[in-house]
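Student: Sequences listed follow chains C and F, in order. Residue numbers 1 to 82, in this note's numbering, belong to the letters of the first sequence in order. Residue numbers 1 to 556, in this note's numbering, belong to the letters of the second sequence in order.
To be clear, the hints were calculated from the coordinates, so they are not data collected in a lab. Keep in mind that the hints are not guaranteed to be accurate.
Said to hold, decoys possible - Cut-off 27 Å, straight-line C-alpha distance, at most; resulting in silico cross-link-like pairs (DSS-like, lysine-lysine):
{"hint": "1", "chain 1": "F", "residue 1": "Lys335", "chain 2": "C", "residue 2": "Lys39"}
{"hint": "2", "chain 1": "F", "residue 1": "Lys100", "chain 2": "C", "residue 2": "Lys9"}
{"hint": "3", "chain 1": "C", "residue 1": "Lys79", "chain 2": "F", "residue 2": "Lys552"}
{"hint": "4", "chain 1": "F", "residue 1": "Lys353", "chain 2": "F", "residue 2": "Lys223"}
{"hint": "5", "chain 1": "C", "residue 1": "Lys77", "chain 2": "F", "residue 2": "Lys272"}
{"hint": "6", "chain 1": "F", "residue 1": "Lys470", "chain 2": "C", "residue 2": "Lys13"}
{"hint": "7", "chain 1": "F", "residue 1": "Lys100", "chain 2": "F", "residue 2": "Lys552"}
{"hint": "8", "chain 1": "F", "residue 1": "Lys335", "chain 2": "F", "residue 2": "Lys353"}
{"hint": "9", "chain 1": "F", "residue 1": "Lys353", "chain 2": "C", "residue 2": "Lys77"}
{"hint": "10", "chain 1": "C", "residue 1": "Lys82", "chain 2": "F", "residue 2": "Lys552"}
{"hint": "11", "chain 1": "F", "residue 1": "Lys100", "chain 2": "F", "residue 2": "Lys471"}
Stated by the list, open to error - Only part of the chain C face toward chain F is listed, based on derived beta-carbon distances under 7 Å:
{"hint": "12", "residue": "Gly28"}
{"hint": "13", "residue": "Leu37"}
{"hint": "14", "residue": "Lys39"}
{"hint": "15", "residue": "Ile40"}
{"hint": "16", "residue": "Phe49"}
{"hint": "17", "residue": "Ala52"}
{"hint": "18", "residue": "Phe60"}
{"hint": "19", "residue": "Leu63"}
{"hint": "20", "residue": "Ile64"}
{"hint": "21", "residue": "Asp75"}
Stated by the list, open to error - Simulated coverage check for chain F against chain C, where a stretch passes if three residues somewhere in it have a Cβ under 8 Å from a Cβ of chain C:
{"hint": "22", "segment": "346-355"}
{"hint": "23", "segment": "471-483"}
Idealized CB from N, CA, C, for every residue including glycine.
Okay, here's what each chain looks like letter by letter:
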Amino acid sequence: MNRVNNYWKTNLKYLVILLIIWFTVSFGFGILLADSLNKIQMGGFKLGFWFAQQGAIYVFVILIFVYIYLMNRLDQKFKNQK
Amino acid sequence: MELQYWIWIAVGLSFTLYITIAIITRASSTGEFYIAGKGVPPIANGMATAADWMSAASFISMAGIISFNGYDGSVYLMGWTGGYVLLALLLAPYLRKFGKFTVPDFIGDRYYSNVARGVAVFCALIVSFTYIAGQMRGVGVVFSRYLEVDITTGVLIGMLIVLFYAVLGGMKGITYTQVAQYCVLIFAFMLPAIFISWMVTGNVIPQIGFGSAGSDGVYLLDKLDGLHRELGFHEYTSGKKSTLDVFFITAALMVGTAGLPHVIVRFFTVKKVSDARKSAGWALLFIAILYTTAPAVAVFSRTNLIETVSNKAHASLPQWFEKWEATGLISYEDKNQDGLVQYVADPQINELKVDADIMVLANPEIADLPNWIIAIMAAGALAAALSTAAGLLLVISSSVSHDLIKKMIKPDVSEKEELIAARLSAVGAVMLAAYFGINPPGFVAATVALAFGLAAASFFPAIVMGIFSKKMNKEGAVAGMVVGILLMLFYMTKFKFGWFGGGSEKDWWFGISPEGFGSFAMLVNFVVSITISKFTPAPDSDIQKLVENIRKPDDD
Numbered sequence: 001m002n003r004v005n006n007y008w009k010t011n012l013k014y015l016v017i018l019l020i021i022w023f024t025v026s027f028g029f030g031i032l033l034a035d036s037l038n039k040i041q042m043g044g045f046k047l048g049f050w051f052a053q054q055g056a057i058y059v060f061v062i063l064i065f066v067y068i069y070l071m072n073r074l075d076q077k078f079k080n081q082k
Numbered sequence: 001m002e003l004q005y006w007i008w009i010a011v012g013l014s015f016t017l018y019i020t021i022a023i024i025t026r027a028s029s030t031g032e033f034y035i036a037g038k039g040v041p042p043i044a045n046g047m048a049t050a051a052d053w054m055s056a057a058s059f060i061s062m063a064g065i066i067s068f069n070g071y072d073g074s075v076y077l078m079g080w081t082g083g084y085v086l087l088a089l090l091l092a093p094y095l096r097k098f099g100k101f102t103v104p105d106f107i108g109d110r111y112y113s114n115v116a117r118g119v120a121v122f123c124a125l126i127v128s129f130t131y132i133a134g135q136m137r138g139v140g141v142v143f144s145r146y147l148e149v150d151i152t153t154g155v156l157i158g159m160l161i162v163l164f165y166a167v168l169g170g171m172k173g174i175t176y177t178q179v180a181q182y183c184v185l186i187f188a189f190m191l192p193a194i195f196i197s198w199m200v201t202g203n204v205i206p207q208i209g210f211g212s213a214g215s216d217g218v219y220l221l222d223k224l225d226g227l228h229r230e231l232g233f234h235e236y237t238s239g240k241k242s243t244l245d246v247f248f249i250t251a252a253l254m255v256g257t258a259g260l261p262h263v264i265v266r267f268f269t270v271k272k273v274s275d276a277r278k279s280a281g282w283a284l285l286f287i288a289i290l291y292t293t294a295p296a297v298a299v300f301s302r303t304n305l306i307e308t309v310s311n312k313a314h315a316s317l318p319q320w321f322e323k324w325e326a327t328g329l330i331s332y333e334d335k336n337q338d339g340l341v342q343y344v345a346d347p348q349i350n351e352l353k354v355d356a357d358i359m360v361l362a363n364p365e366i367a368d369l370p371n372w373i374i375a376i377m378a379a380g381a382l383a384a385a386l387s388t389a390a391g392l393l394l395v396i397s398s399s400v401s402h403d404l405i406k407k408m409i410k411p412d413v414s415e416k417e418e419l420i421a422a423r424l425s426a427v428g429a430v431m432l433a434a435y436f437g438i439n440p441p442g443f444v445a446a447t448v449a450l451a452f453g454l455a456a457a458s459f460f461p462a463i464v465m466g467i468f469s470k471k472m473n474k475e476g477a478v479a480g481m482v483v484g485i486l487l488m489l490f491y492m493t494k495f496k497f498g499w500f501g502g503g504s505e506k507d508w509w510f511g512i513s514p515e516g517f518g519s520f521a522m523l524v525n526f527v528v529s530i531t532i533s534k535f536t537p538a539p540d541s542d543i544q545k546l547v548e549n550i551r552k553p554d555d556d
C-alpha cells in the first residue's frame with residue numbers, strides 16, 4: 001500500500017509544481033503582470049504581450065512533455081518496486 | 001488555370017481521400033464505433049485531437065479577431081491552448097485508466113447514480129448542440145464562399161459527407177479522416193503565413209517575423225501601435241478589456257476546453273494510460289503550430305490593411321479590395337465626399353467596415369500568391385469545419401445510444417442493436433444540426449463561445465473531484481453540476497438574450513462578462529459540491545477502490 005501511496009504523492013507533487021508554472025506564465029506574466037512586463041522590450045516584442053500571445057503557449061507544450069517524461073520515469077520506478 | 005477549377009480539384013481530391021479512409025477504417029463493433037477499439041497511436045491521436053479541436057472559426061476567424069482586438073485577442077490564444085495542460089495533468093490519464101466509452105459513463109459510475117449519469121448526458125447534449133449548430137453553419141459558409149453555391153446547398157453537401165463517414169466509420173473512421181484533415185488544414189494555414197512573413201520581414205518563420213523590423217527598420221509592433229494611436233484606436237499591444245475580465249474569460253476557456261466531451265473522449269481511444277498523456281502533448285504541439293502563427297498573421301494583415309487603405313484614394317486601391325467589396329465583407333462609404341478612405345476609430349468619421357474573416361481569406365491575394373494556394377486554403381477551411389462537426393456528432397450519438405439507451409432505458413440491448421442505434425442517432429443528430437445550420441437560431445453565434453462556460457460550469461469540477469477526492473459523493477456532485485449549469489444558463493440568457501429582466505454591461509456581476517462567467521459558475525459548483533458532500537454520507541468502499549484504481553498506472 002505504501003508503494004501506491006508514494007506513487008500518488010509524487011504524482012501530486014509534480015502536478016502542483018507544473019500547475020504553478022502554468023498559472024505563472026499565463027495568468028501571471030500574460031495577464032496580471034502584463035502591463036509591468038510590457039516596459040521590457042525583447043527584440044520587437046513587449047514582454048507581457050509576447051507571453052500572452054506566444055510565450056505562454058510554448059511553455060504549455062513544454063510542461064506537458066516534461067510531465068510525460070516525469071511520469072514515465074515514475075511508472076518505471078513503480079514497476080521495479082514490485 | 002482558372003481559380004474555380006483549382007478549388008474543385010483541391011476539394012474533390014481531399015473529399016475522395018476522406019471517404020476512402022472512412023471505407024477502409026469503418027467500425028464493426030460498438031467499441032470501434034465509440035472509441036476506435038482503443039488502438040489509436042498517440043501521434044495519430046494528437047493530430048486527430050488537433051483537427052477535432054480547430055474548427056472553421058479557428059482557421060478563418062481567429063486571426064482576424066486578434067487582428068482587430070490586439071492584446072485582448074490573447075484570451076483565445078491562451079484559453080484554447082492552456083486547457084490542454086489541465087487535460088494532460090488532471091483528466092486524460094485517469095479517464096483512460098477508467099476505460100469506458102463516454103464522459104457520462106464516468107460520472108454515472110463514479111457517482112454510483114443514474115441521476116448523475118442523466119445530468120451528465122443532459123449537459124453533454126446541451127454543450128455539443130450549442131457547438132455543432134455553429135459548425136454546420138460554418139461548413140455552409142465555407143462551401144458557399146469557395147464553391148459559389150448558396151449556403152443551404154453548402155450545408156447539405158457538408159451534411160452528406162459528414163453523414164457518410166461518421167455513420168459508417170464511427171470513431172475509428174473519424175479518427176483517421178481527422179489525421180488527414182489536420183495535414184490538409186495546417187499546410188493550408190502555414191503556407192500563405194510563411195510567404196507573407198517572408199515578404200514583410202524577410203524572415204520565413206512567422207512567429208519570429210512579427211517581432212522583427214520591416215524594410216524601413218522599424219519594429220512591426222511599434223509601427224502598428226503608432227498607426228493605432230494616430231487613427232484613434234487603442235494600442236495594439238495593450239488591451240481595453242479590464243484585467244479581471246481577461247482573467248476570467250481566459251480561465252473559462254481553459255477549463256471549458258478541458259471539460260468539452262468531444263475533446264475528452266479522444267483520450268479514451270488510445271491503448272494505455274501513458275499514451276493518453278502523450279496524445280495530449282502531441283495534440284497541443286500540433287495546435288500550437290497554428291495558434292502561435294495566428295497572432296503573427298494578425299499583425300501582418302492589420303499593418304497591411306491600414307497602410308494599404310488609410311487616407312488613400314478609393315479609386316487607386318488594389319484589385320483584391322474591389323473583389324472583396326463585392327462579397328460585402330469590406331464596405332466603404334465616402335461620408336465626407338473626398339474620395340479618400342478614412343479608417344479611424346471614431347464611428348462618425350470612419351468610412352470603412354471590415355469583416356474579421358477577411359484577414360485570413362484575402363491573405364493569398366494580398367500576398368499575390370498563385371491560385372492553387374487559394375484552392376488549398378479552401379480545402380483547409382473545409383477540413384477544419386468538417387472534422388470538428390464529425391467529432392461532435394459522435395458525442396451526441398454515443399450519448400443517445402450508449403448513455404441513454406444502453407445504460408438507462410434498455411440495459412439488455414444487444415451489441416448489434418446498440419450499434420444500429422448509434423448509427424441511427426448519428427443520422428438524427430446530423431439532420432438536426434443541418435436544420436440549425438440552414439435556419440440558424442439567432443443565438444447560435446452568441447452561444448458557441450458560451451459552450452465553454454457551460455462545460456466549465458458543469459463537467460470539469462465533477463470529473464476533477466471524482467478523481468482527486470475519494471470522499472466526493474453523488475449528492476455533492478449532482479448538486480454542483482445542476483447549480484453550475486443552471487447558474488451559467490441563467491447568466492447567459494439574462495445578459496445575451498435579455499431574459500430575466502436582461503441587463504447591460506453595468507449590471508454584470510463583479511464586472512464579469514458572460515464569456516468569462518463560466519469560471520465563476522465553476523467556482524460555485526466546487527463550493528456547492530464540497531459543502532453538500534460534508535453533510536451527506538461518503539461513497540462506500542467499492543467506489544473508493546475504483547478511485548484508488550484509476551490513480552494507479554496501467555497493468556498494476
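Student: Hints broken by the structure, by number, lowest first?
Tutor: Structure breaks hints 1, 9, 12, 13, 14, 15, 22 and 23.
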